[in-house]
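**Q** Listed below, chain by chain, are the residues.
There are 4 protein chains.
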Amino acid sequence: MYSFKNDYSEGAHPSVIKKLTQTNLVQAEGYGEDVYCEAAAQLIKQKIGYEDIDVHFMSGGTQTNLTVISAFLRPHEAVLSAATGHIEEHETGAIEATGHKIITIETDDGKLSPELIQPKLDFHDGEHMVRPRLVYISNATELGTTYSKAEIAALSAYCKQNGLLFFLDGARIGSAIAARGGELTLADVCELTDVFYIGGTKNGALLGEALVIKRQELKSDFRYYMKQKGGLLAKGRVLGLQFLALFEDDIYFELAAHANAMADILRQGVKQAGFTLLAESDSNLLFPILPNAIVEKLEENYGFLVIAPMDEKASAIRLVTSWATGEKDACAFVDALKEYAEPQ
Amino acid sequence: MYSFKNDYSEGAHPSVIKKLTQTNLVQAEGYGEDVYCEAAAQLIKQKIGYEDIDVHFMSGGTQTNLTVISAFLRPHEAVLSAATGHIEEHETGAIEATGHKIITIETDDGKLSPELIQPKLDFHDGEHMVRPRLVYISNATELGTTYSKAEIAALSAYCKQNGLLFFLDGARIGSAIAARGGELTLADVCELTDVFYIGGTKNGALLGEALVIKRQELKSDFRYYMKQKGGLLAKGRVLGLQFLALFEDDIYFELAAHANAMADILRQGVKQAGFTLLAESDSNLLFPILPNAIVEKLEENYGFLVIAPMDEKASAIRLVTSWATGEKDACAFVDALKEYAEPQ
Amino acid sequence: MYSFKNDYSEGAHPSVIKKLTQTNLVQAEGYGEDVYCEAAAQLIKQKIGYEDIDVHFMSGGTQTNLTVISAFLRPHEAVLSAATGHIEEHETGAIEATGHKIITIETDDGKLSPELIQPKLDFHDGEHMVRPRLVYISNATELGTTYSKAEIAALSAYCKQNGLLFFLDGARIGSAIAARGGELTLADVCELTDVFYIGGTKNGALLGEALVIKRQELKSDFRYYMKQKGGLLAKGRVLGLQFLALFEDDIYFELAAHANAMADILRQGVKQAGFTLLAESDSNLLFPILPNAIVEKLEENYGFLVIAPMDEKASAIRLVTSWATGEKDACAFVDALKEYAEPQ
Amino acid sequence: MYSFKNDYSEGAHPSVIKKLTQTNLVQAEGYGEDVYCEAAAQLIKQKIGYEDIDVHFMSGGTQTNLTVISAFLRPHEAVLSAATGHIEEHETGAIEATGHKIITIETDDGKLSPELIQPKLDFHDGEHMVRPRLVYISNATELGTTYSKAEIAALSAYCKQNGLLFFLDGARIGSAIAARGGELTLADVCELTDVFYIGGTKNGALLGEALVIKRQELKSDFRYYMKQKGGLLAKGRVLGLQFLALFEDDIYFELAAHANAMADILRQGVKQAGFTLLAESDSNLLFPILPNAIVEKLEENYGFLVIAPMDEKASAIRLVTSWATGEKDACAFVDALKEYAEPQ
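Residue numbers (the numbering used here), protein chains in the order written: chain A, 1 to 344; chain B, 1 to 344; chain C, 1 to 344; chain D, 1 to 344.
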């Protein structure tokens, strides 16, 4: 049984384990004030090419999303998110639990645009309604699609014009950037957003997201929020060390590119076998639509999620690849799919 | 420079690193539903001698405290805690941020008792006040003191009689149990409380606390709360694996006993050098009261916290030992102290 | 300038003022524990025909909605509401500010049904999502439509089958019941819901809503929640007295019937003048669609809200009548509308 | 049975009832945007002598306290309050329910001072603790004591120096100002604080507090917070009208002076009868310490609270007077007390 269920099925990339092991008995300060976190923050600033940013290391995506959003909004302010956004669908009301409404926007492909946001701004008017204040996007999205630089730039300009904060959830930013083949860089993302994070958990770390705060007035007191929400690890070094490992050897984007390449194998295979995909994803997530009979056969040897029935005979499934996905496993899946797809 | 600042200055016990390394590339389910978490939960149940308990693995103490307390209280219910309790003093209002008041109780030694709690129950009466509903204690306490089995039993009986939930913060439960030399066991703690946790971060793990819920009506839906508060790690295996390592080889209490032994060396040394301690701690924390001149000299070679001035010439400092503290480092500290203490 | 903006443009029905005046200097207990609140609660129980219910008097709709919902839900539980529901659109995120997500459901007419709710139950599954737990409806709805007894009964049965609480916002329950001409009674509403309220503010009171809690396990400690949310007035008598006035003389439904009759005059007039309505409302709210030129002329002499443009030339406006609306004012509006509508 | 339980036992001062009655059928805008609220705000500005302040009318003290505090603090910021403060002891955790910790300060007389606050500022340091940010005082205090202008000025200067917001709960500000005999004015209070309110409920209104926001950066969006917390009444006119009545005829301070005079009669009587008071109050609250036997006799004809046993034989009781307290009732109480006090 091989799993394509998600990109966190294995432990960490070996270089991460190595770094943890090598430094294990060195004494360091607690709560993220250690030399490793400091070095990792410096390295990230260098890779991005920005000095005047704050970098914080947090344990996971939901933790980061709820801490950021509740830190930056006043009580009557709300978040704008795609209806498929992680904060809306898969965080058990974490944002609302901090007191804030999510204004959801229906999309075809999980991606927001100024045109989709504008009607929500028009609708919210006056003190009987929340005030839309922060635009949340994820890149790659929950549907596996990615934003072009131009699309992010358009959102960025729109947010500036409308007094909105712009927050990019980068749990899968490695895959998103790798998918764009150089068109989009970390520097671009930093330039165009107010705050974003570089996901570690889904790209080679045991756990950890590197949060980057660029906008000046959002920086103050952020460690208070981290602590209050339970996000300040005593051995914060564990997070810093991992990002040090991932960026020191420049392997972060290599891992992402590998995950994407494995997804491409699957994607090509699905198409060659004559099937379609739910959305035109280009990252490490894909959603093939397959006959239920084939889904059942595949389930004998492969782990994946069945997302939704498309009609009586077919369902959309979710396949996810990662830095750890073996090429032979991806090819074997395709072979099996083709075999099942052939007329008997 | 050697640090006695805390018990989370190093990484993990080597057996933890070994376990993470050995299993690193095995695929596992996400979000704590993996075989390692399952095995660790089973092992902990076995060590405690209870089958009918729920075990959840969480990333840190503040996270655990806020999740437990907000999960178990209705909005108008409050926590009773020593004024020195971690939730009161060192969690940046994490409990209040979930909506609940902490009713604080002054103590001499960081320990609650029925006698200290009763006046608070008497005072709170009717709907213009919060309702006291949960007693929070930490063992070992923030002052390094520990509860005897009889003291915990008295609190347990009192809580039952008064309809109070009883929650024990066991961030340093290893040291507390080890300090009692067999008088108190994990089974006792489980028997006498409704919910408690076994701290990993401060006793050999990179991160992680094992939460044990015994009381039946508190069990339902707990994973929802973990997720909502950002406490459900995608690679939950990381937590399960570490507790597996710590309890598989029965090293958990060995590590705690070592930490205590190192603290004893320091404690004896302080007394032999002619100084007193702020509280009669018996765990891995101690608070010597030292002349400021000596504090300054010690600071040249040792890291520790200066807690509070006692008078114009002396201060209380905090020394903490751990599984990783070297016996030679403890002895060297004592030697230095004695040297500085000698009349010149 | 005559206003059809809302049903709270005037003060209170004269019998309310009379009751406040007559009792003004009598001493009474504070915080709703006075003889007037007691008598009003008894009278309401009698009118409903239920003894085993709790009646609480609160100051307004948003206050009541947020107190009820936050009292009855655990942190991970969510509300199901029409997308047009008052709690979703017009309470500035009051529900989310207490920590709970609202799951919104698109409707044609502001009314929920089991068929509309079911897909939301199907979708929410497992601890990565909130748990739908309470169905919120308003009757009359924000679109002026009302529920039949059969429709409420269907929702009631559905909620029971699915473990959902059922809460009816009765800010305009007078108008809704009056509109149904005897088909629906307060007793029916009490029978079929777990908790509901009888709106005073929009039907003759200065302020006040009478909350009725029927479901046994929801009753305990409710006054704690009222106090905590700022909803327990020191001179609670003010609320009790008003409901006493409204129900003692049985004028509550007379006032609602009058408001409906005035709305009927407007509705007929709109149709006779050749215009249509946005929704088929039968309560004291109506939403005519009128040419913009006519809207502008009407605005010279009448106050009302312009809700939304329908196309380039026409807009939907909102007209609201109340116990205080004069028949001659309603007729004058219709005359003006007909005059403007005539081809010149 | 005559009640000295509180200052909200009766309805409203007749001039308030008269104003409500006279304007009852006039149409007005909803939600506090009516001409009466506007006029009342103007009148209050004029009485205070400040133009550049925002005035909002709210329904009660707890509602005002929780709305103000949650509006002005960021999530990690905390309130400093006397341990006897209303927000700490008598609001069912309303402040904590909005997410904020109250740092309590023990006092002799319910009054804060820079000297009492300083140790709390010293103690709170760094991101593991909340940040003290707002000083809350009530004047008169819950013990009936009042602040001198100099005392408020000292707190004001201290707050400015330390970056603290300064909020004065004026539920009983009428009595407090009247007690100081011209030494303290509304203008002083406005000058020296950032935000305060003029209590209506306890000084002649049916309900209502007039909130005054002076500090510029606290003004924005306050109506959003009022709405979100359920504090924006549909018929906001009810509040504006009452303050118009109380300030138009300049009776606000007359009513307070009357209440104080009645309290003086009681206070003198208590002393003449040979008894002492718990605190040296000078407002409309007093706390005589009486033998239990006398307390029991008084309870036959008078309503009041028994606050606390002082020893086995005596208790402190609470007597409260108001604008409605009759001089003959106050004298009769004193006579009874003297009678019971005489040796038989």
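Since the hints were derived computationally from the structure, they do not count as laboratory data. Misleading hints may appear alongside valid ones.
For chains that are exact copies, the list does not tell them apart, and a pair is met inside one copy or across any two.
Unchecked claim - List time: in silico SDA-like cross-link candidates among lysine to any residue, alpha-carbon distance up to 25 Å:
#1 LYS271 - GLU142
#2 LYS47 - HIS90
#3 LYS219 - GLY163
#4 LYS120 - THR104
#5 LYS328 - GLY30
#6 LYS120 - ALA273
#7 LYS214 - ARG131
#8 LYS297 - GLY30
#9 LYS5 - GLU38
#10 LYS271 - GLU248
#11 LYS149 - LYS271
#12 LYS18 - LYS297
**Q** Run every hint past the structure and note whether it holds.
**A** To see whether the hints hold, each was checked on the structure:
no., hint, result
1, LYS271 - GLU142, "within (21 Å within a copy, 49 Å between copies)"
2, LYS47 - HIS90, "neither (31 Å within a copy, 35 Å between copies)"
3, LYS219 - GLY163, "both (17 Å within a copy, 19 Å between copies)"
4, LYS120 - THR104, "both (9 Å within a copy, 15 Å between copies)"
5, LYS328 - GLY30, "between (42 Å within a copy, 23 Å between copies)"
6, LYS120 - ALA273, "neither (41 Å within a copy, 34 Å between copies)"
7, LYS214 - ARG131, "both (23 Å within a copy, 24 Å between copies)"
8, LYS297 - GLY30, "between (50 Å within a copy, 23 Å between copies)"
9, LYS5 - GLU38, "between (34 Å within a copy, 19 Å between copies)"
10, LYS271 - GLU248, "neither (38 Å within a copy, 48 Å between copies)"
11, LYS149 - LYS271, "neither (27 Å within a copy, 53 Å between copies)"
12, LYS18 - LYS297, "neither (39 Å within a copy, 37 Å between copies)"
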